[in-house]
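Residue numbers (my numbering), protein chains in the order written: chain A, 1 to 413; chain B, 414 to 906.
Don't take each hint at face value.
[As the list claims (entries may be wrong)] Here are the simulated DSSO-like cross-link-like pairs (lysine-lysine), alpha carbons at most 30 Å apart as the crow flies:
#, chain 1, residue 1, chain 2, residue 2
1, A, Lys130, B, Lys825
2, A, Lys152, B, Lys637
3, B, Lys637, B, Lys825
4, B, Lys637, A, Lys130
5, A, Lys152, B, Lys578
6, B, Lys676, B, Lys825
7, B, Lys858, A, Lys152
8, A, Lys282, B, Lys825
Worth flagging that the hints you see were computed from the coordinates, not collected in a lab.
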Amino acid sequence: MAESLAPADADGLADAVRWAVAGEHPLEVVAGGSKRGLGRPVQSAATLSLAAFDGIVDYEPSELVLTAQAATPLAAVEAALAAERQMLAFEPADYAPLLGSGNGDRRRAPSGATLGGALACNLSGPRRIKAGAARDHFLGTHAVSGRGERFKTGGRVVKNVTGYDVCKLLAGSHGTLALMHEVTVKVLPAPERTRTVLVFGLEPAAAVEALGAALGSAHEVSGAAHMPAEAAARSAVSYVAGAGAAVTAVRVEGFPASVDARCQALRDLLGRFGAVEELHSKNSGTLWREIRDVRAFADESGPLWRLSLPPASGAEAAARVAEQVEARALFDWGGGLVWLAVGDAEDAGEAAVRAAAAFAGGHATLVRAAAPVRAARAVFQPQAPSVAALTARIKRAFDPAGVLNPGRMYAGV
Amino acid sequence: MPEPDAGVISQRQTLVAALRELLPEDCVIDDERGRRAFECDGLSAYRALPMIVVLPRDTDEVSRVLALCHERGVKIVPRGAGTGLSGGALPLADGVTVGFGKLNRILEIDTANRCAVVQPGVANLAISTATSPHGFYYAPDPSSQLACSIGGNVAENSGGVHCLKYGLTTNNLLGVEMVLMDGEVLRLGGKQFDAEGYDLLGVVTGSEGLLGVVTEVTVRILPKPATVRALLLGFPDNASAGACVGAIIAAGIIPAGLEMMDKPAIEAAEAFCQPGYPMDVAAILICELDGPEVEVDELVDQVGELARKSGATTIRTSRSEEERERFWLGRKTAFGAAGRMAPDYYVMDGTIPRARLPEVLTRIGELSREYDLPVANVFHAGDGNLHPLIMYDSAVPGALQRTEEMGAEILKLCVEVGGVLTGEHGVGVEKRDLMGTMFSEDDLKQQQRIKCAFDPAQLLNPGKVFPTLHRCAELGQMHVHRGETPFPDLPRF
């Protein structure tokens with residue numbers, strides 16, 4: 001039976017890694033476990049749990065900085081921030097409903113998603129287009145490398161160019177480089193008011209054009225998504241679900257008078273594309289959480305791809321995939337993020353998806369598929385040989401024995 | 414700096430000849446007068462004559478130059494516009510300086526994807542100028558933006574006044590084409606929002622030319638804000654100005670820029686360019702707000718009110734572009750103004766938690782008296798990035814050394830209060846030997862292992878950033894006791 005380690009402190013973490021190195025026991029690293037189904041299945045001899053690293057260490061609202069232990073639940077972080085009318089501006093998604101992990105009651109119960117997990121997977125929500133990704137808010141960390149050595153990088157201030165920006169490298173490394181046990185993030189004031197302008201009945205190409213017009217305007221759009229009719233029908237927001245048509249959504253946030261003015265300006269701008277409607281704060285909150293967590297494809301288990309593309313090519317890329325395999329789409333980031341739920345194609349639609357991503361100049365990740373499929377297929381975008389070689393060298397620089405989540409992203413990495 | 418390699422220097426003429434086979438005659442600068450122009454960057458107290466200077470015209474030439482130097486074990490120093498303030502482009506007597514002045518074209522303005530593709534030698538401001546007719550601009554705006562190159566901005570992760578709201582270079586980049594020291598060309602990122610695997614672009618940005626040489630840059634461009642207005646606020650002391658900064662942030666306002674100048678900086682500015690700053694105050698804040706007109710108007714009133722409550726004795730709001738630019742004039746020329754006050758000045762660049770500002774300024778004042786060197790402080794107050802300008806006279810024996818000592822004391826103070834050594838200027842040679850105040854040996858070794866992954870021969874810009882050079886083989890070693898069952902105390906479940 002596989003061993004499970006749960007070190008209580010950073011020195012214990014370092015000991016655990018040295019044990020793994022000495023005995024050649026590859027470790028699967030988990031915190032809340034909400035994203036264990038993300039990436040290639042890890043061939044591990046033991047599970048290393050970071051669960052003990054739970055709790056906010058330091059939060060100074062006036063400095064716009066929060067330090068927490070890595071396994072602090074996102075829900076706890078967000079509650080602490082909300083009490084000070086602040087937020088994680090990168091709007092981290094909770095993948096538990098999508099991956100069918102965590103608690104069964106996905107509408108209410110905490111999923112297990114942690115701050116460290118969101119950073120390790122660089123999960124960023126709809127506000128990515130305005131506020132940046134998780135990696136852009138990740139200021140510093142204390143971690144243990146795959147060598148079993150403790151190190152820190154970054155700091156607790158927003159502006160810092162002292163040494164390499166190792167936080168960027170760790171963000172999105174899926175636990176393959178180091179065990180982050182304490183993390184510091186930049187936080188921002190939460191908006192006082194949120195409004196969403198909806199446009200009804202657009203085809204994806206027109207929707208991406210409309211979103212581009214909104215994003216190219218001076219109206220400081222903080223969300224730009226498009227739900228084809230089927231995806232819209234699954235919303236809990238009655239205005240969206242009841243539309244009986246595709247719904248394109250544009251979010252504005254901030255000070256009340258400003259939001260009202262921008263909302264009106266966007267209605268004027270987008271009116272030429274189709275009928276417009278407006279959601280207020282509560283419904284906006286629900287809708288953008290649904291988009292963030294990809295709820296449209298949550299209550300199912302078929303293959304789900306995430307394409308990151310130059311935004312203007314989003315609709316065309318999705319159409320190209322749909323020509324080859326059955327595929328349902330959801331668009332975020334003005335077309336720059338395309339979710340594609342593909343039918344039961346033998347290869348999870350990989351050939352069609354990779355070709356579309358290549359056409360657009362972007363990349364694709366197989367976020368959800370049965371474990372044998374994720375083991376057999378490239379989950380992450382295959383890299384150019386030069387980049388793949390550099391990636392392998394980076395892995396060795398942190399984890400020469402290959403004990404941290406080996407193979408999670410790429411075979412041998 | 415590393416001891417120059419006499420063997421390499423003795424081969425100089427053969428190397429010149431080999432480089433001239435790759436590049437046209439005028440792109441390989443061999444004569445001393447030509448090379449002299451490259452002897453320093455913006456940190457002019459440090460100078461060295463480069464062995465050779467090359468000015469490649471495209472990626473292929475860059476790749477071939479690097480491959481040749483790699484093969485011959487010759488060091489490379491990349492150089493943008495030479496405006497850097499930490500000596501990152503300081504030449505090596507046994508190294509080839511690669512300048513990017515000829516790679517200066519804007520390749521594409523893609524308004525549909527809201528990005529621009531440019532060569533590394535393009536000036537920062539030129540991107541905003543070129544995208545302006547389309548209604549866009551490039552947000553990071555280092556004060557040298559008229560001259561500094563985007564390639565240099567990538568190397569240094571440059572900031573600027575507006576990075577409080579819009580982020581540093583790293584937050585505004587989408588992709589690069591870069592050349593590794595062995596000549597290999599690779600692309601990181603593109604026009605999409607995130608990395609396909611490890612965020613290699615993220616670690617290359619701000620790596621001070623130690624990891625690779627950037628030959629093409631894709632930046633995000635943003636729609637120009639509808640309205641921009643500024644407030645000029647005067648305070649009777651530094652503490653009340655600091656309190657006002659806190660109050661603005663606490664009110665949920667993130668200004669486009671929030672700058673502070675202390676009394677000596679105000680006086681220097683007034684003497685230099687007469688921006689009309691109040692002279693009966695100890696500190697001023699310049700607060701710039703941008704966005705929709707209705708928002709800016711409302712926030713200008715709010716900030717004015719917060720300033721009044723914090724004890725401001727001067728509250729002016731810009732009513733025209735001309736007036737707004739006048740508010741900024743003294744701040745933007747602060748370095749030049751310091752240059753008028755003394756024969757030489759030294760710019761520091763630490764970051765501190767905002768709340769510690771008053772005590773840090775008090776301590777800097779004490780150091781100024783202790784070392785008998787005047788200091789003017791300009792400060793990106795919103796994000797805690799401090800720029801003390803130490804004034805000295807390099808003609809006085811030992812003055813530079815005392816200035817550097819005092820600067821080091823200031824930076825140690827920044828670290829002591831929870832801040833960092835450099836907010837936007839980089840480590841370079843200037844702060845290299847202070848890295849140990851912020852990082853342990855293990856912290857630094859882990860960073861150097863990243864260097865080894867990119868440049869195992871350690872030929873790219875050596876001697877910068879890291880106080881101690883370790884061989885990559887040594888850094889890669891790991892002592893493992895296989896077969897033993899140590900750590901019996903590991904908690905398991």
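Checklist entry - Does the structure keep Lys637 of chain B and Lys130 of chain A at a Cα separation of 30 Å or less? => result 14 Å, holds
Checklist entry - Is the Cα-Cα distance between Lys676 of chain B and Lys825 of chain B 30 Å or less? => result 23 Å, holds
Checklist entry - Does the structure keep Lys152 of chain A and Lys637 of chain B at a Cα separation of 30 Å or less? => result 38 Å, violated
Item to check | Restraint status (C-alpha distance of Lys637 of chain B to Lys825 of chain B at most 30 Å) | outcome: 39 Å, violated
Checklist entry - Keeping to a limit of 30 Å between CA atoms, is the pair of Lys282 of chain A and Lys825 of chain B held or broken? => result Between Lys282 of chain A and Lys825 of chain B the Cα gap is close to 48 Å, so the pair fails against 30 Å, i.e. violated.
Item to check | Distance restraint between Lys130 of chain A and Lys825 of chain B, which requires alpha-carbon spacing of 30 Å or less | outcome: 35 Å, violated
Checklist entry - For the pair supplied as a hint, Lys152 of chain A and Lys578 of chain B, is the alpha-carbon distance within the 30 Å limit? => result 26 Å, holds
Checklist entry - Does the structure keep Lys858 of chain B and Lys152 of chain A at a Cα separation of 30 Å or less? => result 11 Å, holds
Comparing the model with each numbered hint stated earlier shows that hints 1, 2, 3, 8 do not hold.
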